[in-house]
Amino acid sequence: MSVNHFWTAFAFEPFMNALLIGLSVASVWLIAALGLAIVYGTMGVINMAHGEFVMLGAYSAFVLETVVGVPFLLCVPAAFVIVGLIGAAIERGLVRHLYKRPLDTLLATWGLSLVLIQGVRLILGPEPKNLQSPAWLNASLRVWVFELSWFRVFIFGVTIAAFVLTWWLLHRTRLGLMVRAVMQNKEMAAVHGIDAGKVFTLTFAYGAGLAGLAGSMFGAIKNVFPDMGSGYIVEAFLVVVVGGVGSLLGSLFSSIGLGEIYSVFAYFTNGTFAKFWLFLLVVIFLRFRPQGLFADAMARR
Amino acid sequence: MLELSNVTSYYGKTPIIQGMSLSVDKGDLLSVIGRNGVGKTTLAKTILGLTTRIDGTIRVNGADVSHMPSHRRAAQGLGYIPQGRGILPKFTVQENILLGTFARSDGAQTVPPLVLELFPYLAANLTKRAGTLSGGQAQQLAIARALATDPKLLILDEPTEGIQPNIVEQIQELVIRLNREMGLTVILIEQNVEFAQRAGNRFVILDKGAIAAQGPIDALTDELVQKHLTI
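So the protein lines, in turn, are chains A and B. Read in numbering that gives the first Met the number 0, the first sequence has 44 at position 45, and its numbers run on one by one without any break. Read in numbering that gives the first Met the number 0, the second sequence has 32 at position 33, and its numbers run on one by one without any break.
Quick caveat, the hints were computed from the structure, so don't treat them as lab data. Please note: incorrect hints may appear among the correct ones.
Unchecked claim - Mimicking DSSO-like on lysine-lysine, the simulated pairs with C-alpha atoms at most 27 Å apart in a straight line are:
1. A:K99 x A:K197
2. A:K197 x B:K226
3. B:K12 x A:K99
4. B:K151 x A:K185
5. B:K89 x A:K185
6. B:K12 x A:K185
The shape of chain A in the complex, shown without the other chains (with noise of 0.2 Å):
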């Protein structure tokens, strides 16, 4: 690249949709991100297969869509049930045992995921594979200057979608108050009759199965391939340490701002810098406020 042509000048409508792009990067960000921040923020696990539920959300969608025939809008949640269902298996036969040891967790789910990536290479295979999504979401939406796809408006709806439906979860219903309760103080849970492990099985269960969701959608956009939950995680783990651990409110800020960050350094130099300002900006900020945006959800354990 010429020096000339590194920097791109201002003009209105580009810029104004390069902003627009941010709150699609934001939503992409974020929905990968929900389920780690959940599961860490109640749990105290950091799960580092969660890029690999993503990459399996994706492949349950691609076997339901290629071999069972079912319509990419049905696969959507079923990548969430299936991942789901995944996710309940793995917290009983391997996190459980590690709850007392949060580093052990940290090496154990790493495993877990290379394991899951070459598990998948070797059942489906190494090369990419297409999902197909109706032409409609492949169109582009037209509103005064902005242009974006159908497909980016969906992602946006359904991470919209599941924010909602798990804040209300959280904070609305008799479920979520075991969660908060769980996630507060074990103990005086325990003795008020709350089965800590069963909370965190649905918990650990219900951030897999949004993993799965986020990648029935990415595998759409982009290719399905077994190490592809790798392009997420990275970004997940920023939305979720900047946002503060244990706070959905701080998750859905951090979000925006940084898909805004990334997406206005994008537009004015490109892709590649931009992530390199965007990791430096997350360095200075965490350096200044290491607790995150909204800071005190989290009990220490």
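Given chain A, work out where chain B should sit, using these hints.
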């Protein structure tokens, strides 16, 4: 109502309570006294299943709960008011009380009217964050939460510790009322011998993780107090 036979209770690999046998009958108010660090709180935690493991057996209403996890013991009718109150600070007053309802066997999911009646301050401040309550209010909330479990046996761990003096008496009277008027069986862990004596109909003195003396409250003589409680 509650029966411990030959119970040894461990934190990690360390036995804190050793070979303890104890029984509480329906309607009793058992005062558990002893110096700091003799295992009073551990006794409460042992009954609720919060220690690492136990040997021996614990029965609640005839049911063997020795190896039951805490959340299932709670459903057997054990109401617990821990030392330091154990209020969840980020919950509202109402959410803290509702926490108790998860242990109910009748499936009720609302704040019981009795609780609102007993604690007018809490009733008027249901939406307040529990973390902002004073020590006395928080103690009332802890009692309210335990009552919301519809308990048969109430375990109170130093309910008047660290509470402003004008509230102490209120809480003491409430504990006595819960036992005498409402017929709740109570285990009261206390440092204040005068109150333990006034409230209890039976007593247990703990020393070094074992029972040093027990009996009807009349048998709690100055001599025993002198021997096991003064430093």
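These are the hints, each one checked on the structure:
Between the alpha carbons of K99 of chain A and K197 of chain A the distance comes to roughly 16 Å, so the proposed pair stays at or under 27 Å and holds. A threshold of 27 Å between alpha carbons decides the hint, and for K197 of chain A with K226 of chain B the separation of about 48 Å lies outside it, so the pair is violated. Using a Cα cut-off of 27 Å, the hinted pair K12 of chain B and K99 of chain A holds, with the two alpha carbons roughly 16 Å apart. A threshold of 27 Å between alpha carbons decides the hint, and for K151 of chain B with K185 of chain A the separation of about 23 Å falls inside it, so the pair holds.
Between K89 of chain B and K185 of chain A, the direct Cα distance comes to roughly 14 Å. Compliance with the 27 Å bound is thereby established for this hinted pair. A hinted pair counts as satisfied when its Cα atoms are at most 27 Å apart, and K12 of chain B with K185 of chain A qualifies at roughly 22 Å.
The structure does not agree with numbered hint 2 stated previously, though it agrees with all others.
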